[in-house]
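Protein chains: 2
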Amino acid sequence: MTAPAAFHELKARLAEISDLSGVSRLLLWDQQTKMPIAGSAARAEQSATVTRLQHELSSADEVGRLLDELTPWAESLDADSDEASVVRVAGRDWEKARRVPAELTAELRREGALGLRVWAEARPRSDFELLRPSLERILELRRRYVDCFEDYDDAYDVLLDDFEPGMKAAEVQAVFDRVKEGLRPLIAAAEPVDDSILHQAFPIEAQERFSHEMLERFGYEEDSWRLDVTAHPFMSNPATTDVRVTTHYHPDSLHSLFSTMHEFGHGVYERDVDPALDRTTLGTGVSLGLHESQSRMWENLVGRGRPFWRFFYPRLQSAFQEQLGSVDEQEFVRAVNRVEPSLIRIDADEVTYSMHVILRFELEQELIEGRLAPRDLPAAWNERMESLLGVTPPTDADGVLQDMHWAGGLVGYFPTYALGSVMSVQIWERMTEDMPDVDAQIERGEFGELRGWLREHLYRHGRKFSPQETLRRAVGGPIDPEPYLRYLAGKHAA
Amino acid sequence: MTAPAAFHELKARLAEISDLSGVSRLLLWDQQTKMPIAGSAARAEQSATVTRLQHELSSADEVGRLLDELTPWAESLDADSDEASVVRVAGRDWEKARRVPAELTAELRREGALGLRVWAEARPRSDFELLRPSLERILELRRRYVDCFEDYDDAYDVLLDDFEPGMKAAEVQAVFDRVKEGLRPLIAAAEPVDDSILHQAFPIEAQERFSHEMLERFGYEEDSWRLDVTAHPFMSNPATTDVRVTTHYHPDSLHSLFSTMHEFGHGVYERDVDPALDRTTLGTGVSLGLHESQSRMWENLVGRGRPFWRFFYPRLQSAFQEQLGSVDEQEFVRAVNRVEPSLIRIDADEVTYSMHVILRFELEQELIEGRLAPRDLPAAWNERMESLLGVTPPTDADGVLQDMHWAGGLVGYFPTYALGSVMSVQIWERMTEDMPDVDAQIERGEFGELRGWLREHLYRHGRKFSPQETLRRAVGGPIDPEPYLRYLAGKHAA
Chain S
1 MTAPAAFHEL KARLAEISDL SGVSRLLLWD QQTKMPIAGS AARAEQSATV
51 TRLQHELSSA DEVGRLLDEL TPWAESLDAD SDEASVVRVA GRDWEKARRV
101 PAELTAELRR EGALGLRVWA EARPRSDFEL LRPSLERILE LRRRYVDCFE
151 DYDDAYDVLL DDFEPGMKAA EVQAVFDRVK EGLRPLIAAA EPVDDSILHQ
201 AFPIEAQERF SHEMLERFGY EEDSWRLDVT AHPFMSNPAT TDVRVTTHYH
251 PDSLHSLFST MHEFGHGVYE RDVDPALDRT TLGTGVSLGL HESQSRMWEN
301 LVGRGRPFWR FFYPRLQSAF QEQLGSVDEQ EFVRAVNRVE PSLIRIDADE
351 VTYSMHVILR FELEQELIEG RLAPRDLPAA WNERMESLLG VTPPTDADGV
401 LQDMHWAGGL VGYFPTYALG SVMSVQIWER MTEDMPDVDA QIERGEFGEL
451 RGWLREHLYR HGRKFSPQET LRRAVGGPID PEPYLRYLAG KHAA
Chain E
1 MTAPAAFHEL KARLAEISDL SGVSRLLLWD QQTKMPIAGS AARAEQSATV
51 TRLQHELSSA DEVGRLLDEL TPWAESLDAD SDEASVVRVA GRDWEKARRV
101 PAELTAELRR EGALGLRVWA EARPRSDFEL LRPSLERILE LRRRYVDCFE
151 DYDDAYDVLL DDFEPGMKAA EVQAVFDRVK EGLRPLIAAA EPVDDSILHQ
201 AFPIEAQERF SHEMLERFGY EEDSWRLDVT AHPFMSNPAT TDVRVTTHYH
251 PDSLHSLFST MHEFGHGVYE RDVDPALDRT TLGTGVSLGL HESQSRMWEN
301 LVGRGRPFWR FFYPRLQSAF QEQLGSVDEQ EFVRAVNRVE PSLIRIDADE
351 VTYSMHVILR FELEQELIEG RLAPRDLPAA WNERMESLLG VTPPTDADGV
401 LQDMHWAGGL VGYFPTYALG SVMSVQIWER MTEDMPDVDA QIERGEFGEL
451 RGWLREHLYR HGRKFSPQET LRRAVGGPID PEPYLRYLAG KHAA
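Line by line, the protein sequences give chains S and E. According to the working numbering, the stretch in the first sequence is residues 1 to 494, in order. According to the working numbering, the stretch in the second sequence is residues 1 to 494, in order.
Don't read these hints as lab results, they were simulated from the structure. Don't take each hint at face value.
Heads up, the list lumps identical chains together, so a pair's fine if it works in one copy or across two of them.
[Claimed, not checked] Mimicking EDC-like on lysine to aspartate or glutamate, the simulated pairs with C-alpha atoms at most 20 Å apart in a straight line are:
#1 K34 - D228
#2 K491 - E433
#3 K34 - E222
#4 K11 - E446
#5 K491 - D437
#6 K168 - D157
#7 K34 - E208
#8 K11 - D80
#9 K168 - D147
#10 K11 - E45
#11 K11 - E69
#12 K180 - E62
#13 K34 - E216
#14 K11 - E62
Given the structure is predicted, the values throughout are model-derived calculations rather than measurements.
Produce the entire structure from the sequences given, and follow the hints as far as they go.
In structure tokens, the structure reads:
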């Protein structure tokens, strides 16, 4: 059957929106990797203009008219078809884009930009009170944002929906309660491991060569990927055919290897979305949680596993003969899997990591509902750190001021980090049923079949289905913390 | 006095247009320097979308309404004020943007993109007939483009106006007739120079170091400039505070030094536009001719001059001891100023260069007026090469197929290259009246006063005034080929 003319019109409009998204991703990448610093002010204006135009195109009356016309047609099609999916998802996006007045969006962006500047000053001085007025304004704006919506059970659901569409706070709470319960004994049982072998002088050029070798084994190709250096690693892809991973080499640690693998996971998800979805607004990863499932899968389930190092450790040793020549593989793998409660989320190990996230999730719910006043936040943070991880930050710089998210206006983002970890193991378990020899493949440095499985069962769908439906198609059911807890117990309680 | 509200509205709209121009310049720079090749197709769509949106914003009804409202106010102001200039120039831009239907613009872009692909095939095969159908379509579209305008004496004036606003074909013809007459005896008198010392193995890393040293002396600063490698050097500045020069190092020549200086000239013009004009659409160089006056000034009047090498040659010798240790400064300066008629414009010396341009100017006038049929172009090209330069291309690859401009849809662009050379010497002569010791400064490696003079008399104006008025403010009169011919005679007839 032939698509109606309105569908071609809709696609032409979605193509423009997609193009501007890709442009925004390039602006971001360039800003963090190549832009001369004096270009910052002009870049901020350019990014804001592109975002504003994208929002205007996304919420245009004409898009609504086309969607009204196309919905009956789309509902007559196979719901799995690209056409039906494009109309369905575009409808959802349009509804959301129409809800929020342009002035509120602009105010949120302005306040977030300001908040980040204040945070950058407050953190090194460990001065929470300096940040508090910004935080109060952001919470107020976020409440006004919530008020733009209706039909929700929980204010937090509205915020969460921007990052994990369709997920509810109550579901997250149920998952996190179980995770908390499962992690406590693992954390209590963790035994001290000496990982000083990871903190030696490692020449950066050798780290670079090793990172490239590793990525090429994973499936990085020169014609469609880049690897660049930045202060805080991220992945940004101007197109599915143009995927840019960034990393940060430390002269005195091997930390960069894991952050490179992490960002590769984000990159390969984007790279392997079905090209048929290009320029439809569906041609990108479906949620932050599923994105994080992939970054953490490549970082932890692949990159901290014994099979991985069976292949790569001899190569690492020859790259760093002096530093690692006398360290055996088992000792190395134990060091990269060290578990120990610590203060800083981004440096946390696989086991304690989710506790950091749960703490933020609980606090931001209380903040948005007004049950916790910003002035009481530092004390609440420290108490909860003590209760979840048994450590107390000596300063707010090591506590409540460590992340930029809230200062930048992002509330509802944090849980996706732990949801990703949970889902990563569900997907991994399901994959091993189809590929029982995956460990043997990894030991041979072969990742093609693994990537192929992930592409087929997850990556290619892009935004065609909801995150929940996408997960269901990959693993056969809803989010479930049991595989994650089993995996951690199996690996770390041994 | 306070500007009316409509002026603030107009400026907000111009700011968006300026932002998109900067974004386009980043898209171009990235594409030619960093983008993985598989990203090409997506990038073409992104660039087209940004250009289209920019055109929509530039030709919006509301801009016309604001301009109607503001024109009487602007005319009551000092014409030199930023406010009056913004309204005047925005009015001119709006008029032009309204003239050309979006479909014709899109067709020109499409045909130009196709033409470039065909050209890339036709040139290595030296197959003009392969390109001819594209060329015919482009000429037809360019005639339709001309028809969108009225009140012109000469069809070519309309095309030229896109690159050198306000300039007329008849004026160019008058300048070029005098240039032709003046260059003939210089070319006839040119004596053979052995420049084989420039064609040795020059390690690229040493070229890179030397280029940076040179640019830093010129005023390149890490916080607002970049220097990257590309196939065909260009300059592109996402903002006046973010200027990106590119170059191409050849392992067997020092050619890159001159193309780096050339692109620096383009960059410094953009860098030194008055920051008050940022985000007004006036904050950029006023014409291709004046831009080229600056690239050729820094390349030739600075970079091929004896004072420049008095300072830099000892440094160049120590960078390339083996290659240049036994070559004296005089011999080196003579080699970089060798004059000899040749086939390829971009490799031509300072004296013969304008002849290549004049040839193209004359042929494209005949083509657009229908006095020359595309099928007869190769023969006409070769005849004219013989008459202007005394050489005949052995193949069309070395002749009519060497440039991409016509294939890409650009007609009326070429003359700006030679107009720039002419104006560069007018400006230089005028500058030396104010700075009689400029040679002594350059011999000491000091360029700050020179750059300051150029900023004050030329760069800072951006697009505030017409190119003709901008030149008049710098040199006191209209375009004049005599200083250029005097300079070449003085340097090369000696």
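Going down the list of hints, with the structure as the test:
1. K34 - D228: The answer is both: 9 Å in one copy and 10 Å across copies each meet 20 Å.
2. K491 - E433: Classified as within; 19 Å inside a copy, 80 Å across copies.
3. K34 - E222: Both: 19 Å inside a chain and 11 Å across chains, each within 20 Å.
4. K11 - E446: neither (39 Å within a copy, 57 Å between copies)
5. K491 - D437: This pair counts as within: shortest intra-copy Cα distance 19 Å, inter-copy 77 Å.
6. K168 - D157: within (5 Å within a copy, 64 Å between copies)
7. K34 - E208: The answer is both: 18 Å in one copy and 18 Å across copies each meet 20 Å.
8. K11 - D80: Classified as within: same-chain Cα gap 17 Å, cross-chain 47 Å, threshold 20 Å.
9. K168 - D147: For K168 and D147, only the intra-copy Cα distance (17 Å) is at most 20 Å; the inter-copy one is 61 Å.
10. K11 - E45: between (28 Å within a copy, 14 Å between copies)
11. K11 - E69: Cα proximity of K11 and E69: one copy only (14 Å, versus 38 Å across).
12. K180 - E62: neither (48 Å within a copy, 58 Å between copies)
13. K34 - E216: Answer is between; shortest inter-copy Cα gap is 19 Å, intra-copy 23 Å.
14. K11 - E62: Result: close within a single copy only, 12 Å intra versus 27 Å inter.
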